[in-house]
Every structure is written in C-alpha cells, then in structure tokens.
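**Q** Letter by letter, the chains look like this.
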Amino acid sequence: MKYAITDKCVGCHACLLVCPSNAVFADPDNPKQFMIHPRRCTGCEGQHAAPQCASICPVEEAIVNEYAIAVNPLGSLTGIEVREHVNTSID
Amino acid sequence: MELHTDERLSATTSSCPSSQTDGASVSHLLPKDVQQQIARHPCYSKQAHQYARMHLPVAPACNIQCNYCNRKYDCSNESRPGVVSHLVDPHGALKQFRAIKKRAPNLTVVGIAGPGDALANPKATFSALKLIRDEDPSAQLCISTNGLMLADYADALAAHGVNHLTITINTIRPEIAAQIYPWIYYDHQRLRGLEAAERLIRNQLAGLEAAAKLGMLVKVNTVLIPGINDADIAELSAAVKARGALLHNIMPLISAAEHGTYFGVTGQRGPTEAELASAREASGQFMPQMTHCQQCRADAVGTLGGGCGTEADNASKADNSFKVAVATNGEPLIKTHFGHAQQFEIYRLDPQAGEFQFLERRQVAQYCNGESACPDEEADKQAMFKAIEDCRMVLCSRIGIAPWRTLEQMGITPNVDHAFAPIDVALAAIANSQLAATTHSQKESSDEVCHY
Ligand code: SF4
Ligand code: SF4
Ligand code: SF4
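Those protein sequence lines, which keep their order, are chains A and B. Residue numbering for the first sequence follows the working numbering, beginning at -10 and increasing consecutively. Residue numbering for the second sequence follows the working numbering, beginning at 9 and increasing consecutively.
Chain B extracted, bound-state conformation (with noise of 0.2 angstroms):
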C-alpha cells in the first residue's frame, strides 16, 4: 500500500497491486495493525479502491470561518464548490446506509464530514455514528473536523467506535491563523483574530493528541495558501507528528472568485503544481503523505475511481465488471442529456485489450420530455436507473441534479466531462486512465483532495 507522495519513501513503488515493496517501504512509517487498518479504507490507501465508503450528510453546521469557505455551500476544501450536499437526519442516514450496503457488501468505512463541521453538530453526529454502529459493528466509523471541539469529544468518539479522524490544521502560528479564520465561536463567544487564533491551534492540537492517545488514526488535512502558510509546513508537519498525526493530506487551496469565499473574492491564489509538490516534500521528512483522494462531498458515496484492472482477475470482481453506460439516442457524440436519453449503450472494460468493448443497447423509457419540467414519473425514473444499475460510470452530455444524487448513491459516477465528444474518444481516454491509474503511470492531478 502507498499512502504518500515522497519521492524518496515511494521511489520502490511501481506497479499498483499489494506488490511486496509497497508494503515494505512504508512499513518503517506505520506499524503492520495500522497499515492492515488503512489497507481497506479507499480516502487512505490507493489500493483500498474496491472498498467503498459513504459519507452521511448529517453536520450541517460549522462552528468557525475559514477564509476559503463561503458556507452557503459545502465546507469548500472538501466538496466541490457549488454543488451542495443533501442534508439527512440520522435516521435518513441509517436508511441511506442500508440500501447501499445491500448492494455494496465492499462498504467499510462510513464517515461524517460534514457539510460543516461533525463536531458543531455532536448530537446529529453521535447519533449517526451510533445507528450505523449498531446496524453494522464492522463498519469503519470517522469523522472530519476543524479541530475546534476534538479534545471535548474525543473520548466520546472512541467510546462510538470511531477508529479514522480527520483534522484540518492549516498552521501552528497564531499570526498565520488569523490570515486563515477571521472568527471562531467558542465558549458562547465569537472571538477574533489572534485570540481566535491561539484559541483554535490550542484546541486542535489537545484534540489531536488526546485522539491519538485513544489509539484512533489521525490523518491531518492542510489546504496550502501561497503566501500565507506555505513557508512553515515542515514546522506545522513536525508539530503534529509530535502529537501522533500518522498521515499528512496538503490539498491546494481552491479560491475562484465564482465561489465567493473571502479568498476567492480577495483574489488569494492557490498554490502551483510546484508549489505543492514542495509543500509535499517539506512535510514528507516528518510523515507519509496522501494524495490520491478525490474531492468527496459530504455526501459522496461510492469507491474512490475505478480501482486496479489489471489486478480484476484474481483481486476483485467489482473491477472485473466494469462497465459504463452511454446515454445515447444512436449518435456518435455523447449529447445526450441523461433524462432525455431512451437508450444506453453498455461497455466493458477489457483490462488485457486496454479497452472498451460494446456489450449491448439497452432501451428506457424516456422520463423528461424537455420541453417543460420534467413530469415526475417515478416509475420511469426507476426504470432507467434500473437499466444501468451494473454499470460503475455513465456518461451524458448533461444531468440534473437529483438524478445525480440518485446515481451517486447507487454507486454509479454520472460523468459529463465528455460532453459532445464522440463516444469512441472518452471511452478511450476512460480506459486510459483506468489503466494508467493502475500501473501509477500516470501522475495524479494535484486537485485531488479528501477529508479523510
């Protein structure tokens, strides 16, 4: 398993399966019960991609402000922006919980990241993590936090079985922080700038020592702002080591205007690729470092990508069916929008070809008609999902939100990248990247961020 980036730490790690250097030039890094725990989390470990994790959309509030945050949307370092998560109750939870793992027996690890903080909210928070944990005691139960209220639930985490934590820690400097969070609520106050500041590392850092000393795995995430922290990374990198950090996650800060965080607005930009890449570096003298994480909404569920073909024969069946649908009304290019779709025609990758193959067209009812909104035929809907209901990607020009939501929670990507495209070139450059990502040929993009 490769859990980092350092060149030097990952320099034995060539190709993707389990290969026994992988294992070994980590193992300095991380004792064996920690890397066999981390081995089936996907937000962890790059070979974990046939397990599947869900996040349960149950903390909406947030309880300080980062400056790359606009909280009319997700918490932005680790959703995408503008596209917000929907809300449930623990009850709605437990219940999403169910129907996906009836279909996904590969779900290990179950998380709370938010859309805000999971511990501004404890009682939707624990109680979740209580439903799923009695629904399922092999469930692995994390949550991602700012770190302001860790070392008040700390003990109450681990008594609910969370093993995984997540810890945002962008800095250690009061000064830095007070560039980063204008204002923190704490002891029924807000406080401002370096009060908020020293008040809020303070927290974070009692909270990640006390969880560390409860034996949970503490990954700390720290989104790099050039300029503003970027010149003490290997300190920060240190400091949390010290208190039993395991996994260091630098993610670029993500500031467009369009987003409308103070950031953005100010026109802060985000890091290089070079930048990051050193930031990385920095921080890799003092711990492992992730990077193959995509950006997960606080309600994603799913595997992370596709996992590793070349393994599918022996390793997991899921990568040995994968398959996408087109949507499709007989054109070449991919233009259809997915509720406008009456077909689908089905691929299946061929690892050992290196690509796709059409298998067959598979016809739906057509449920929106375009021309007004879309009648809410229920049955129709169903039926289309049902159509595609084995295939891990479709591909369309377009696709509403709620379907979206619905493929997504199915565990099927809805994917419009390839809008307009023909349909022989995207599924060429799927299977590329499918392939690639299994023999890490490729260089994974540096947007890829995960709170967990």
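For reference, chain A alone in the conformation it holds in the complex (with noise of 0.2 angstroms):
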C-alpha cells in the first residue's frame, strides 16, 4: 500500500482520471468518495516524479502517503484552513 484516500475526499474524479495504474475507484459504499487499490497503487513509481493523484487533487488531506501523512496538507493548497461547509442544497 502506498497511496490511499482519506474521508475529505469530495469524490471530484480528478485522480481517478490521472491514475496511470488504474487504481483509483469510487467507494461502492459511497460514490461520493474514492478509494485507492492498495495492491495496484505503484505509488506512481517510475512512471512520473510525482503521484499523480496527489499533485491533481484539490482537496487538503484528502490523500495520504504509506505513513498516513497528507500528501498536500491543510494549507498546502489554498493557503487557508478551510472548514467543512455545509450543504445548501434543497431539501
């Protein structure tokens, strides 16, 4: 396991699209969240300098690397801590 999503994830597909080993899918329990495969997450390893999913995702701690640590961490992105917002969508 290399790689892995965490619950902030928005389920916005970006990493599922860059993912060159095809390891990203939704949740089944949940499509608005993403799931890394732990056994086919090459952590991107020879193939870019970077992992992909990490260096696309919009969202702060939504990815984390094999030691639980957040691949873009809270401010990394936006340069602001920003807080759970809450839907304002019609009931």
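I should point out that these hints are in silico values taken from the structure, not numbers from a laboratory. We treat Cβ as the ideally placed atom computed from N, Cα and C, and that holds for glycine. Check before you lean on any hint, since a few could be wrong.
Said to hold, decoys possible - Derived CB-CB ranges, DEER-like:
| no. | chain 1 | residue 1 | chain 2 | residue 2 | range |
| --- | --- | --- | --- | --- | --- |
| 1 | A | Asp(-4) | B | Thr414 | 27 to 33 angstroms |
| 2 | A | Ser65 | B | Arg277 | 21 to 27 angstroms |
| 3 | B | Arg200 | A | Pro9 | 20 to 26 angstroms |
| 4 | B | Ile409 | A | Asp(-4) | 20 to 26 angstroms |
| 5 | B | Ser146 | A | Pro9 | 38 to 44 angstroms |
Unchecked claim - For lysine to aspartate or glutamate, the following DMTMM-like pairs were computed, each having C-alpha atoms within a straight-line distance of at most 25 angstroms:
| no. | chain 1 | residue 1 | chain 2 | residue 2 |
| --- | --- | --- | --- | --- |
| 6 | B | Lys131 | A | Glu55 |
| 7 | B | Lys389 | B | Glu363 |
| 8 | A | Lys(-9) | B | Glu416 |
| 9 | A | Lys21 | B | Glu416 |
| 10 | A | Lys(-3) | B | Glu266 |
| 11 | A | Lys21 | B | Asp97 |
| 12 | A | Lys21 | B | Glu339 |
| 13 | B | Lys249 | B | Glu206 |
Two chains, two frames, a set of hints: combine them into the complex.
**A** Here it is, written out as structure tokens:
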C-alpha cells in the first residue's frame, strides 16, 4: 500500500482520470468518495516524478502516503484552513 | 438580435422581437453567417429564448484551481453554488438527450459545461459529443473550458463538430492570474504561483487562437474580481479579440462565505453593479457584451427564461401556451411543498391582457405524506409530473432535489421564490417579469451568468 484516500475526498474524479495504474475507484458504499486499491497503486514509481493523484487532488488532506501523512497538508493548496461547509441544497 | 449591453451599441435596440434595428446595431460587429448561427443559441442570443439547450454533466474533474471555486460543488461561476449537478456517463447523456429531444423539438444546443472542466475529462467529453452528433447531426455542440488543454484539443473539437466554445479567461497578466489561480495540473505536475499563471495564460491564448482559426465561435467569460482583475479588463478584451474571440461575458464574482471558496473565506467581495457596468463598458469598446444569461448548472435543461410573450402569436407556439402550475391544496398562499400537493392550479399567461388567467384545477395523487421519508411510489410520482407536463413553471413552497431535477429535465422550471406569498401576487410578479423581458424595459439582473 502506497497512497490512500481519506474521508476528506469530495469525489471530484480528478485522481481517477490521471492515475496511470487504474488504482482509483469510487467507494461502492459512498460514490461521493474515492478509494485507492492498495495492490494496484504503484506510487507512480518509474512513471512520474510525483504521485499523479496527489498532484491533481484539489482537497487538502484527501490523499495520504504510506505513513498516513497528508501529501497535501492543510494550507498547502489554498494557503488557508478551509472549514467544513454545509451543503445548502434544497431539501 | 442583441448580444451586448454596451449602451452606445444597444441604443437602437428598443423592442424585443427581431426588429431590424437590432440586427443592424450588431451587424458591424459580427458577420452575417455568424449572426444567424448564434440567433438560434439561447445562451448567445437574447432572442433565442424559444430554443432549448441542454448541458450534459459528463465532465466532473478539473485540472486547475480557481480561488472562486469550491470543488465540492460545481464550477461555482457557472452554477448555483451548493446545488450539485447530477453526473451521468456519456451513454446516460445520450439517453437524456433522446428523452428531452422527444418532448422539445426546439432543442438546438447541446453543451458540456462540467461540472468540472470539459477538457480535463477528454474521454467522457468526446464520447458524449460523438454520441449526440451521431444521433442528431443538426444539434449545435458546444463546450466550456478553462482553456488549459484547449490548444491540444482544438482540432479534435472541430472534428467532432463543436462550433461554439466558451473559455474562461480572467486576465492576461501572470501577476494577476497568480492571485486567482493557486495552482494548475499540467504535464503530470502541480505548478504553482507565477509558473502556473504563465502556463495557463499561454495555453488559454494559444487555444483561443487555434479554436478561432478552426472556425469555432469563441466566447470569453471573465469573472470580475474587484481589486484583482478589474483594472485590466480593456487590455484583456483587446487581447482576446485580437486572437479571434467574438463575445465577452463579464460575470460578477460570487463569493458568499458559505460557499467555502478561497475568495469567500478570505472576504474578497464581488463587484457592485456600477463596477460591473464599467467593466462591460471598457470591454465593449472592443467586443459585443453578453448579459442575458441565467446561472446554468452543468446539468441544466430547457429554455432560458420565458421568451418573448408579445411575439407569441406569430412566432413561437411554446410562448403561446406559457402555463404555470401552482402547488396548492386550496389555500390562497403558496405554502404547499411540491411533494405534498394534492392539486395544482393551472394558470395561463395572456400576453395581451398582461396577466395570468386561471385555467383549471388538476388533482394528483400525493406521493409524500411528510411524516416519514417519502415512500418510493414511482407511479404516484409519475402521475404528479404528468399532471403538469404542459406547464413551463411550477410554483411551490419547497421541493426536494430529486423532483427538482426531474422537472428541469422535463423543461419545467421549479420556482420556490414566491413561497408563502399570495398566489395572485406571485403570478402578477411573474407576468410582469415575462412581459418586461419582452420589451427589454426591465434592467437585466447583473448576476446572470452563463458559461456558454
Ligand atoms: S500514486 Fe499513482 S498509482 Fe498510486 S493511486 Fe496515485 S496516481 Fe495511481
Ligand atoms: S482528486 Fe482528491 S478529492 Fe478528487 S476524487 Fe481524488 S481524492 Fe477525492
Ligand atoms: S475551472 Fe471551474 S471547476 Fe475548475 S477550478 Fe475553476 S471554477 Fe472550479
């Protein structure tokens, strides 16, 4: 297991489209969140200088490495700590 | 047709339907064949409201980050933030297209507007375009994009028959762009700061030029951000015009804190009406402006607004039968939840009299009893939609997101703006805005934005 997706994921599909190993899939129990197949993920080694999923993911703390450390820690993408937001859609 | 707000240019445009002067006022700006092509595109032409358009939500991913976007939701400058598009795969999109086309022969435009960036999802985008093209070669295809990958895909877009294109370009100055885009994903890396900004601008301009050379009609969208890109609008407009853009749509930044965008959270304000007007004027020296668009979600379906009532008799049958359904269980106020309605009152707009007239009352089975979760009584729901299928709008106090979408897909606009208002007051307001839109006497809402 190299990289994994946390529950911060918003299911935007970006990592799914750029993963060279087809390791990303939608969580069958929650299609709004994605998962990384632990055996399929190669960490992009030998293919790209940086893990592709983490290079495109727009959400801080959504992707962690094998030590469970966020590849894009809080503040690293936006420069601010973004709070959780209430979905305001009609009931 | 009128495509701009610039006062000097639109001074001759008085009444709505295709008056000669409208055409004349814009003809020195756009060649005739282009005018004809956009005359049937509801997002480009104010007089094309009788034509329906459909956005296929097949493109979820995005490859850049804009500071006015929260990626939990759709592209926030083209959507009502907080309301997320319903994603479909290309075959689902084709199915939707077939269903709509059957009931709406006036469907002329099919676009891909996200919910992310069309060209960050090339497989889904191109396969949807191909499926639609094969199904209906007369459909006008369009996409909207942030432009990062446009130069790479311009040829493919032209080959797929895409003739309209919208690129969101907010500035041509890297120092400014760096304040709008924190990063981009390009060539397998995340680029940041000036490097990202320079790359994005270079690609956007190259893509614009390539698309225009291929004969596509290119509109540029710009999100106006006071204190950031507002001083350079004229320069931007001149630059995109020089590369072949036809229209400029300057949209106000939407930055409510609750949307959770960077600009929202950091307190960046949106422009005032005056700032918006002056940016449009600055740009209007170079290019026709657009202002009449609605905020369109990436899965929007239907006509934009209500069309031209006074022309109803000789032009459009659809306008002739502008009917509104009101969910009501007998009360004089609009206080019934769509799902709780046992009856709908149907009203029809009489353009001559300028008011709605009561037509009939239709009973429906109630599918949601409010106590617990709605039972999934598919047949009852269908009966409900069926009861109002000939209406263009339905008024109710509240409505769930699933029926909202179903209605939109049927070309019916759910309207909860008049919740708890007296029915007659609400209808009068709607009649007014319909008829006002007809004569252009009403000032357009500057909040209306569109990516097409
Ligand atoms: S690290 Fe590379 S291989 Fe692993 S999931 Fe991410 S993109 Fe795929
Ligand atoms: S890119 Fe990030 S937020 Fe988007 S689906 Fe992948 S992990 Fe989730
Ligand atoms: S291009 Fe659209 S989806 Fe992508 S970050 Fe910008 S606003 Fe969001």
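**Q** Assess, step by step, whether the Cα of Lys131(B) is no farther than 25 angstroms from the Cα of Glu55(A), and give holds or violated.
**A** violated, 31 angstroms
**Q** Taking 25 angstroms as the top limit, are the C-alpha atoms of Lys389(B) and Glu363(B) close enough?
**A** violated, 30 angstroms
**Q** Sort out whether Glu206(B) lies within 25 angstroms of Lys249(B), counting only the CA atoms.
**A** Given that 25 angstroms is the threshold and the Cα spacing comes to 19 angstroms, the pair holds.
**Q** Given the hinted pair Lys(-9)(A) and Glu416(B), is their alpha-carbon gap at most 25 angstroms?
**A** violated, 43 angstroms
**Q** How does the Cβ-Cβ distance of Arg200(B) and Pro9(A) compare with 20 to 26 angstroms: does it lie in that range?
**A** Once the Cβ atoms are compared, 22 angstroms apart, the range 20 to 26 angstroms for Pro9(A) and Arg200(B) holds.
**Q** Next pair to validate is Lys21(A) with Glu339(B); report whether the Cα-Cα distance is within 25 angstroms.
**A** violated, 40 angstroms
**Q** Taking 25 angstroms as the top limit, are the C-alpha atoms of Lys21(A) and Glu416(B) close enough?
**A** At roughly 23 angstroms apart (the allowed maximum being 25 angstroms), Glu416(B) and Lys21(A) satisfy the hint.
**Q** Holds or violated: the 27 to 33 angstroms window for the beta-carbon distance between Asp(-4)(A) and Thr414(B)?
**A** Given range 27 to 33 angstroms: holds, Cβ gap about 30 angstroms.
**Q** Regarding Ile409(B) and Asp(-4)(A), is the given constraint of 20 to 26 angstroms on their beta-carbon distance met?
**A** For Ile409(B) and Asp(-4)(A) the Cβ distance comes to about 23 angstroms; the hint holds.
**Q** Would you say the C-beta atoms of Ser65(A) and Arg277(B) sit inside 21 to 27 angstroms of each other?
**A** Check passed, 26 angstroms falls within 21 to 27 angstroms.
**Q** Taking the Cβ atom of Ser146(B) and the Cβ atom of Pro9(A), is their distance within the range 38 to 44 angstroms?
**A** Between Ser146(B) and Pro9(A), where Cβ atoms are some 39 angstroms apart, the hint holds.
**Q** Does the alpha-carbon distance linking Lys(-3)(A) and Glu266(B) stay inside the 25 angstroms limit?
**A** Measuring from Cα to Cα gives roughly 18 angstroms; hence the hint holds.
The structure shown violates the earlier hints numbered 6, 7, 8, 12.
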